[in-house]
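Engineer: Residue strings, one per chain:
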Amino acid sequence: MSTVLLLVITGLGLGALYFLVASGLSLIYGLMGVLNFAHGSFLTIAAFLGWEVGRRVSDGSWWGLLISALVGMIVGAVVAAATEYFLIRRLYERHIEQALVTVGLALATVALFEGIWGTDPIYTAKPEWLAQTTEILGAKIPNDRFLLIACAAVVLLGIVLFLQRTRYGLIIRAGVENRSMVTALGIDVRRSFTIVFAIGGAAAGLGGVLASVYYGYVSAHLGSVLLIFAFIVTVIGGLGSLTGAAIASVLVAVLQQFANFYLGGTGDLVVVIALAAVLLVRPRGLMGKVA
Amino acid sequence: MSEPILVVDGLNGRIAGQQVVEDVSFEVPASGVTALLGRNGVGKTSTIKSILGLIDRSGDVRLGGERIDRLPTHRIVQQGVGYVPEDREIFGSLTVAENLRLAERDARPRRELIERLFPDIHARRAQRAGTLSGGQQQMVSLARALVNENRLLLVDEPTKGLAPKIVDEVALALAEAAETVPILLVEQNLHVIRKLAERVVVLSGGRVVFTGSASDLLDDEARIQRYLGVHDATDDGADSAPVAAHDDARAASVADITEEPR
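As you go down the protein sequences, you meet chains A and B in turn.
With my numbering applied, the first sequence corresponds to residues 1 to 291, in that order.
With my numbering applied, the second sequence corresponds to residues 1 to 262, in that order.
Quick caveat, the hints were computed from the structure, so don't treat them as lab data.
Be a bit skeptical, because a hint or two may be false.
[As the list claims (entries may be wrong)] Which chain A residues face chain B? A few, computed with CB under 10 Å, are given here:
#, residue
1, I74
2, R167
3, R173
4, E177
5, S180
6, M181
7, T183
8, L185
9, G186
10, I187
11, D188
12, V189
13, R190
14, T194
Glycine included, C-beta positions come from ideal geometry on N, C-alpha and C.
Let's have the full structure, built from the sequences with the hints guiding it.
Structural biologist: Put into structure tokens, the structure is as follows:
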């Protein structure tokens, strides 16, 4: 029982991390039809700069972590918005060029990060409580999982409130359904594109800082590793569906944890098989729209 | 006579590289309803979309004397052009109220007018628009265009697929709207055209082949047959007659039609 509970809660923690990356991917695809392969780079640059600022303020403290998270979100939002404005905006409806540009950006930025911070992981300090465990029904749960779950829940709630309660949220929901009709109502939908990129970038930036807490290090490949699973989550959840991304994040991460424990470390393989199964049985994903 | 609100001169439109509107020129007066007619597939909807910049286009389009053909769609609409698309295109996942709120551009949207014209829609404000009937969805689509003070309305087949009772309601709403704003109306129903339109522009093969008063066309059975390919059943007392009922809608080429070219 304690093992199952441990696997479920650690799975939820990992799922929270996947969701922070996948939420932006899903929103960006839903509104703009852009498969953003550079999304992992937003995460990595945010993790590095968050760590750089946080450790200078107060390394290994809650205060330092908070500063890291804020810096990470701001950096993620700014870099993502700049990417949309300078690179993607000219390429809407040109999907091959979008893929080439975002893949190219992802490869170039990894090389850039390696040039600045080196190729080896840089181990990070975290508040003492996060390195400890809490016993629940006999299961010793790493405390950082609770932080990840809480942050993802707040981000999910924040995005939902933004989408439901603001005019831009209304424009984005309508734009996901029928972008050209939104423009035909006199609305400059391109502004919403930038905002969606910024929101996705901020979530990925927070994910980057929290990933450094989860893994205990930052590296130039942090974003690339998480991006693969975020894409899987996005496809399983249904491209463009935030709710689908949240549900699939949890399902994929928990499945991965159980397979790693009970099936000899085959978590990644099982996740890919699950992706193939979903694509065969329900190509639009769990919550995706019918094409 | 006052200056026309819309002047279209040499408009060309393309979809996926294929020309669907060819050198179209016409004017829309500053008041009343101008009907844009023609058989199925002649480019009526594409003409409307070209004016709005929803498809790739070239040519000179002026609204109130100012060129709008180089503006993006949202800027054209912001100049005071309301649009009711073919097939409604309401946002099905949003509520009726959200559909209307999204369309509100003016500081003082005309909510009372919408409430008066479409009481049924007002009563269903909290309902998801995708769950409404076709007629109700058309009301939402019309309401989105009427909620702002516009200088011109582009209305594309508002009665398509609707029950006769709803057709009358739509016609009534358009008649009231036309008292304050000029309308360019694409319509298949001769009964509605007879009720609303003062002028007509007829397209064939992507080109204008007839412009004139509505009575010039509708009172002449031969012209109706030639340009629209149908018999006007309204003269026989029927409620309505679809203009473009023929499958071989493009059969009448421009070369076939020589009378009163622009």
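Engineer: Taking each numbered hint in turn, which are not upheld by the structure, reported in ascending numerical order?
Structural biologist: 1 and 14
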